[in-house]
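For this one, chain Z is given, so just place chain D on it according to the hints.
What follows is each chain in one-letter form.
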Amino acid sequence: MTTATEKRQDAPVPANEPVYIPRVDIREDAERFTVLADMPGADEKTAEATVHNRVLTIEGWCQTGGCPTPGEELGCEFRAGRYRRDFTLPETVDAERIQARIKNGTLTVTLPKREEVKARKIQVTT
Amino acid sequence: MGSALYKVDKQLNRTKKGVLAMLELMIGPRSPWTIFDELESLQDNMNRLLAGQEPRVERRAGAAYPPLNVYSTADGLTLVAEMPGVDPQDVEISVDGDELALRGKVNSAAPAAGETVLRRERPAGEFQRTLQLPFRAHAAGVKATFKNGLLNIAVPRSPEEKPRKIAITAE
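Taken in order, these protein sequences are the chains called Z and D. Just so you know, we're using our numbering here: the first sequence kicks off at 129 and counts up by one. Just so you know, we're using our numbering here: the second sequence kicks off at 443 and counts up by one.
The following block holds chain Z by itself, in its conformation from the complex (with noise of 0.2 Å):
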């Protein structure tokens, strides 16, 4: 197993918090794949990516909906929670050099690609 972020801290989680597919924009260029995944909430300690048998899983945990005050609850769009989402990786990506960052609550997977996959440009000789 490849842990491509800190482990997520040993603050227990409640069973019955909601748990959040959290929303994802994919890109790919000729290094890698790139999976945008938006998790308001959580920071490097709270997210984690990891990687078994070719299945990327991306969590993180959002533990305040709200306010830092206490103060009655008027309105909620939104909650405190988990998130998580798994993806089968393609055969192309090198699973060892996964990389993952998260800042203002985005956290950005990158995945290159192998070496022998990647597109390359053949000098055509005479």
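It is worth saying that the hints were derived from the structure and are not from the lab. Think of the CB as a built atom: it goes at the ideal place given N, C-alpha and C, for glycine as much as any other residue. Treat each hint with caution, since some may be false.
List time: in silico BS3-like cross-link candidates among lysine-lysine, alpha-carbon distance up to 27 Å [claimed, not checked]: (1) LYS607/D - LYS547/D; (2) LYS589/D - LYS173/Z; (3) LYS231/Z - LYS585/D; (4) LYS589/D - LYS231/Z.
Stretch-level coverage of chain D by chain Z, calculated; a stretch enters the list once three of its residues show a Cβ under 8 Å from a Cβ in chain Z [what the hints assert, rightly or not]: (5) 505-517; (6) 524-530; (7) 546-559; (8) 562-576; (9) 584-592.
For chain D alone, kept in the frame of chain Z given last:
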């Protein structure tokens, strides 16, 4: 994609009940995915896109951007907006009397040269959301912080609207 996310919410009733009713109209809790994890491959996603099918996404149609949580505090209101991936520089908060407007852009950068977009679920474009507050705000006292994709806005009540204690003098 140039589609602008544009939504204006107006609340006519200034009572707290009105705030609740307004929010309930626009809101509904996101349905959690609690039983099965989604398992899909990039290849499958590509096939779906090529076949012109909709990608499998959990999405609420017509939801306003950004989603907001609203709390009443001793000083006024605290709003928490969920806006992951947004650069705080791209967000403008304006307060005018009892109206608070949030506008800006999200994920508006075009993909880099040579990049193919295989899937796009995250909101992108310009947004504007206007809220009618149940009181006149003290504009100079509004404080906003942005952390981990959550924008926190503390809106204090205007001083002249603060409840005053009136001492009763005995005759």
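Going through the hints against the structure:
1. For the hint pairing LYS607/D with LYS547/D, the CA-to-CA distance comes to about 44 Å; that exceeds 27 Å, so the pair is violated.
2. Between LYS589/D and LYS173/Z, the direct Cα distance comes to roughly 14 Å. Compliance with the 27 Å bound is thereby established for this hinted pair.
3. This hinted pair checks out: LYS231/Z and LYS585/D have alpha carbons roughly 22 Å apart, not beyond 27 Å.
4. As the CA atoms of LYS589/D and LYS231/Z are separated by approximately 9 Å, the hinted pair is consistent with the 27 Å bound.
5. Counting residues of the stretch 505-517 of chain D whose CB falls under 8 Å from any CB of chain Z gives 10; the rule of at least 3 is met.
6. Counting residues of the stretch 524-530 of chain D whose C-beta sits closer than 8 Å to any C-beta of chain Z gives 7, which meets the bar of three, so the coverage hint holds.
7. Coverage of a stretch by a chain is defined here by at least three residues with a beta carbon nearer than 8 Å to that chain's beta carbons; for the stretch 546-559 of chain D and chain Z the count is 7, and the condition holds.
8. Coverage of a stretch by a chain is defined here by at least three residues with a beta carbon nearer than 8 Å to that chain's beta carbons; for the stretch 562-576 of chain D and chain Z the count is 4, and the condition holds.
9. For the stretch 584-592 of chain D, the stated coverage by chain Z holds: 4 residues have a C-beta nearer than 8 Å to a C-beta of that chain, and at least 3 were required.
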